[in-house]
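Protein chains in written order, with our numbering: chain A, 216 to 428; chain B, 216 to 428.
Do not rely on the hints blindly, as some may be mistaken.
Short derived list, chain B residues pointing at chain A, Cβ under 8 Å [to be verified]:
(1) F271
(2) G272
(3) L282
(4) L292
(5) A312
(6) T321
(7) I327
(8) A362
(9) R389
(10) W421
(11) A422
Source of the hints: derived by calculation from the structure; they are not laboratory data. Idealized CB from N, CA, C, for every residue including glycine.
Single-letter residue listing:
Number of protein chains: 2
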Amino acid sequence: MNPTITAFQRSPDGGRGLARDTRIRWALEEIGQPYDVRLVSFDQMKQPAHLALHPFGQIPTYQDGDLVLFETGAIVLHLAQTRPGLLPPGTHPARVATWVFAALNTVEPPIIEREAAILMESDTAWHAQRLPMLNDRIRARLSALSARLDGRPWLEGAFSAGDLMMISVLQRLRSSGLLQEYPALAAYVARGEARPAYQRAFAAQWAINGAPE
Amino acid sequence: MNPTITAFQRSPDGGRGLARDTRIRWALEEIGQPYDVRLVSFDQMKQPAHLALHPFGQIPTYQDGDLVLFETGAIVLHLAQTRPGLLPPGTHPARVATWVFAALNTVEPPIIEREAAILMESDTAWHAQRLPMLNDRIRARLSALSARLDGRPWLEGAFSAGDLMMISVLQRLRSSGLLQEYPALAAYVARGEARPAYQRAFAAQWAINGAPE
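Let's have the full structure, built from the sequences with the hints guiding it.
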């Protein structure tokens, strides 16, 4: 039986591929693991049946027989260990994990904070003053990451789960204009998006979220 | 040779144990792995020698022979896999990883956002209006976590790396009063802090950060 993931019945991003199930789909495509998808509504996400899988009432979840996982980072690392494709030979798996955590814990938080400010505080008196501060916190991370890439195509030798997660995080900046300030990072994201596995993952979520009703 | 971690030469928290090296020390103590510590100043953290270990210029780092790791979550998961003590027998390692990610990616971000607001925006016109919003975002996470614990002593059977990380995250709320609104979580944190391995880790960082100069 295929593993089953959950995804939004209708993603708030309208098919731009920024919902976190796209990250899991991409990982599954990279390792060549077929999967099933169960769509959940916002209402269902807060019901006991879904909370039993994901205590914080979010998507995605991952079920494979008795094993139930949530948290995108944990699911991607687990998939990286089940089949070849996301842990390059010759690279220590803990180095790959380091980059997965760096993407989620060091690079993504200021990006999410910026999104939350735009979503929830746009009509406040303080938003216009706060936004430049938030942008500068993001720039500090992008600058360090760009320096670390330093001409390398990927973070650790060949493409890994760390790149998958880092690129997925950076994609959230597309509409901000911030990514374009760092051409090496924009090119890095483009390299990830050109991968056939990413293309398949994007198309699969687009079929649900992007196609007209 | 023992592995070497880096820590603040003088932690901004004055020895309360909230700097992230305490999490690594605790993990090392749980698995009974002796370690060496190299202290770095804020200036050294931004120099090339340290950036080669940690591209984002932070602590802690972990070095064991040729292996260099950064990101607390990755280091703790790596330690969990090297010696018994943080992956309870009978629990799938990916479940433990799920809780490490949940602590760092779902529970900690709104806590850090609150700390950043207090540190950087206390003197702004908007701070008094924004703080209640931030507190409510934290409460949503605490409420879900408390429901999930539901009388269990630990998140997955016996004590694991997931508990170590979740408790370390919740400790940051001590001065906020928010943790006390959830007695099950306050008791959970106290259970973690009562562990001899935590006591040793706390004492080791206190000797550097808390003792009078």
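Evaluation of the provided hints:
Among the interface hints, the one on F271 of chain B holds; its C-beta lies about 5 Å from the nearest C-beta in chain A, closer than the 8 Å criterion. Below 8 Å, beta-carbon pairs count as interface contacts, and G272 of chain B has one with chain A at about 7 Å; its hint therefore holds. Using the Cβ-Cβ criterion of 8 Å, the hint placing L282 of chain B at the interface with chain A is satisfied: the shortest such distance is roughly 6 Å. Look at L292 of chain B: its Cβ gets to within about 6 Å of chain A, closer than 8 Å, so that hint holds up.
At its closest, the beta carbon of A312 of chain B sits 4 Å from a beta carbon of chain A; the interface hint therefore holds under the 8 Å criterion. The interface hint given for T321 of chain B holds, since its Cβ lies 5 Å from the closest Cβ of chain A, which is under the 8 Å cut-off. This hint holds: I327 of chain B has a C-beta 7 Å from the nearest C-beta of chain A, less than the 8 Å allowed. Satisfaction of the interface hint for A362 of chain B is found here, the shortest Cβ-Cβ separation to chain A being roughly 7 Å, below the 8 Å cut-off.
Nearest Cβ of chain A to the Cβ of R389 of chain B: about 21 Å, over the 8 Å cut. The hint is violated. At its closest, the beta carbon of W421 of chain B sits 25 Å from a beta carbon of chain A; the interface hint therefore is violated under the 8 Å criterion. Interface hint status for A422 of chain B: violated, as the beta-carbon distance to the closest one in chain A is roughly 28 Å, over 8 Å.
In summary, the numbered hints that this structure violates are 9, 10 and 11.
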